[in-house]
Amino acid sequence: MQTIQPATSYLSTGALVGVVEPSRRRIRLTQAQRRGLWGMLFALPAMVFFVLFAIYPILRTFYLSFFEYSVVDPPVYVGIDNYRGIIGDDRFNTSLLNSFRYVAFTYIPVWIIALLLALALNTRIKGRGFFRTIYFVPVVMSWVVVSVIWKLIFHRNGLLNSMFLDPLGFAPKNWLTDINLAGDAIVLMSIWKELGFFMVIFLAGLQAIPSDLLEAAKVDGANVFQAFRSITIPLLQPTLLFATVIGMITGLQVFIPQFVMTQGGPVDATVVLTLDIYQTAFFFLDGGKAAAMSVVLFGIIALITLFQFWVYKSRVYD
Amino acid sequence: MATSVPSTPSRLGARVGHALLYVALIAGAGLILLPFAYMFSTSLKSLNEVFSTPIQWVPSELKWENFSTPVREHPISRYFQNSLLVAVSVTLLNLLTCSLAGYSFAKFRYPGRDLMFGIVLATLMIPLASMIIPLFMVVKSLGWVDTYWGLILPAGTSAFGIFLMRQHMKTIPDDLLDAARLDGSSEVRTFLYIVVPMSKTALSSLAIFIFMWNWDSFFWPLLVTTDADYRTLPLGIALFESSYGTNYPQLMAVALLAMLPVLAVFLILQRNFIEALTMSGVKG
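Those sequence lines, one after another, are chains A and B. Take any residue in the first sequence, note its place counting from 1, add 9, and you have its number in the numbering used here. Take any residue in the second sequence, note its place counting from 1, add 106, and you have its number in the numbering used here.
Hints may contain errors.
To be verified - Label-pair ranges, simulated between beta-carbon atoms: (1) B:Gln376 to A:Val57: 33 to 39 Å; (2) B:Ser247 to A:Phe109: 34 to 40 Å; (3) A:Leu177 to B:Leu227: 31 to 37 Å; (4) A:Phe318 to B:Lys276: 18 to 24 Å; (5) B:Leu198 to A:Val276: 41 to 47 Å; (6) A:Gly230 to B:Gly224: 35 to 41 Å; (7) A:Gln40 to B:Gln376: 30 to 36 Å; (8) A:Asp82 to B:Leu139: 32 to 38 Å.
What the hints assert, rightly or not - Selected chain B positions facing chain A (Cβ under 8 Å, derived; list incomplete): (9) Met145; (10) Pro165; (11) Ser166; (12) Cys204; (13) Ser210; (14) Val226; (15) Pro233; (16) Leu288; (17) Pro340; (18) Met365; (19) Leu366; (20) Pro367.
Honestly, the hints are just simulated from the structure, not real lab data. Remember, it's a predicted structure, so these values are computed and weren't measured experimentally. The beta-carbon is built from N, C-alpha and C at its ideal position, and this holds for glycine as well.
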């Protein structure tokens, strides 16, 4: 990082305005320059961490994606072979599809239920603080603890089968070992875990809407649904956008539930991008391929983020 | 929703709606709490009662040794200490690096500032999974595998934290800082005695987030530790699960122990938790 070096070039740009007493120092700095140096100094610690633990590893991932790299031996240049390899790779395609399915099946219900909850709790209803706390509890729990609890809930003789399926006359299901159910089981758990987070985000958005606007609509004869459609939803747009993007980005990086509950199984039914990258790098020792997969994941997330910026600019801040 | 329209002609309708809303909210809260009740109940059961149908919520005999046995026989308390040490150190480091960098980006002018801030923002969207191999190699070449350094330092700053602090510190009036400088206060002193006290809310939000994330941190410790002495609590639980996963009462007891500190902190500081989230979400 250019932290110290620019100071000299800064000097050469002239503008020695508040001339310091000529006799004191060899290098004379204006007040603005001295302050600029302090600014750089303040940013320095964070920047050192950044370069070492973020910027370099990211650039290196791009670089390695063009190499065959076993993590143990030195890398060998192979051009775009890794990218060509993952396009035809069944497991990678499965994990890509699984990740997208996970995001859609988890977050679409979460957004809808969380918005309804937020609307209900944004009234003068009694005990709303209590409800808010309860619904938020799973958010602060660790994913590992939650996964361990739900693994028991999904057990053939666990809570889900014995409390809900059995009394209704259904046969118990093997939630986590059935190819057709394992993905849905993890989705169910994730909805439970993520609901409170989005509820609080939506509540904050709702509370920022001036109440006189809604009052005015009521005076003008609008019913609850009309007011919701033409006032609440438009004003909630930035919040909705934020929630959408955060949900997608978090969902695409999901790792712990699949790692703890199914290890990606049965037969790759729950393998997701992050788990695939981890296993490719550290079990199959194919660092080049894992790097190429990482670049694809990065690309997807970058696209989503840029899309957010674009929508934000073109619609919200018109 | 029903209460927001108290003046509708059909008050009976509003009341019924209100009652239905309550029923739904209570049922939902019940579903949210059910897994915790199940965990607690199972943690006190004997092995042969775990899967009795219909579910036996109150065990015939309370087996408190489900808590003491794993703690005695496995390094649970060590995992606990590791998690605490890592989460506290990372939080303190982040408070320092993020507030300094945030202050720098918000209130100073120098060449390259906007470029650096842009790069910081860009890394916000880069998933950890996208850089694990080189990051692991960096840590390995520093000799930090199976050390606290390896667990703590890579998390020493965060793009999110810098962004949060910068946004907040932009709201501090320049006049105030200039007045302090005119009074002869040094830059460091201005930062410590004016900027930091004025950023208390943002700093406590940051502390809550960083602590929560790192207490829960799993992926990175999984890569960078092979020695049980350096495992963090989530990793220890996952390990306990994979080797003793069939002893459900003990597993639930361990999970409950791991959950309690976070739950306690949350219940005490819940207002701050929710404020922290609101602040980062809506302003960010």
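Tested hints:
The supplied range of 33 to 39 Å is met by Gln376 of chain B and Val57 of chain A, whose beta-carbon atoms lie about 35 Å from each other. At about 36 Å, the beta-carbon gap between Ser247 of chain B and Phe109 of chain A stays in the expected band of 34 to 40 Å. Checking the proposed 31 to 37 Å range against Leu177 of chain A and Leu227 of chain B shows it is violated: the Cβ atoms sit about 51 Å from each other. For the pair Phe318 of chain A and Lys276 of chain B, the supplied restraint of 18 to 24 Å holds, since their beta-carbon distance comes to about 19 Å.
For the hinted restraint 41 to 47 Å between Leu198 of chain B and Val276 of chain A, the CB-CB distance of approximately 45 Å keeps it satisfied. Checking the proposed 35 to 41 Å range against Gly230 of chain A and Gly224 of chain B shows it is violated: the Cβ atoms sit about 49 Å from each other. About 46 Å separates the C-beta atoms of Gln40 of chain A and Gln376 of chain B, a value inconsistent with the hinted range of 30 to 36 Å. Taking 32 to 38 Å as the suggested C-beta distance range, the pair Asp82 of chain A and Leu139 of chain B does not conform, at roughly 52 Å.
Look at Met145 of chain B: its Cβ gets to within about 5 Å of chain A, closer than 8 Å, so that hint holds up. With a cut of 8 Å, the hint placing Pro165 of chain B at the interface with chain A is violated, because the nearest CB-to-CB distance is about 15 Å. The interface hint given for Ser166 of chain B is violated, since its Cβ lies 17 Å from the closest Cβ of chain A, which is over the 8 Å cut-off. Interface hint at Cys204 of chain B: satisfied, since its Cβ lies 7 Å from the closest Cβ of chain A, which is below the 8 Å cut-off.
Given the 8 Å rule on beta carbons, the hint for Ser210 of chain B holds: about 4 Å separates it from the nearest Cβ of chain A. Satisfaction of the interface hint for Val226 of chain B is found here, the shortest Cβ-Cβ separation to chain A being roughly 7 Å, below the 8 Å cut-off. Among the interface hints, the one on Pro233 of chain B holds; its C-beta lies about 5 Å from the nearest C-beta in chain A, closer than the 8 Å criterion. Taken as an interface hint, Leu288 of chain B does not check out: its beta carbon lies about 11 Å from the nearest beta carbon of chain A, beyond 8 Å.
Interface hint at Pro340 of chain B: satisfied, since its Cβ lies 4 Å from the closest Cβ of chain A, which is below the 8 Å cut-off. A hinted interface residue such as Met365 of chain B counts as satisfied when its beta carbon comes closer than 8 Å to some beta carbon of chain A; here the least separation is about 5 Å, so the hint holds. The closest approach between the C-beta of Leu366 of chain B and any C-beta of chain A is roughly 10 Å, which is over the 8 Å cut-off, so the hint fails. Interface restraint check: Pro367 of chain B against chain A, minimum CB-CB distance 10 Å, threshold 8 Å, status violated.
Consistency note: the structure conflicts with the earlier hints numbered 3, 6, 7, 8, 10, 11, 16, 19 and 20.
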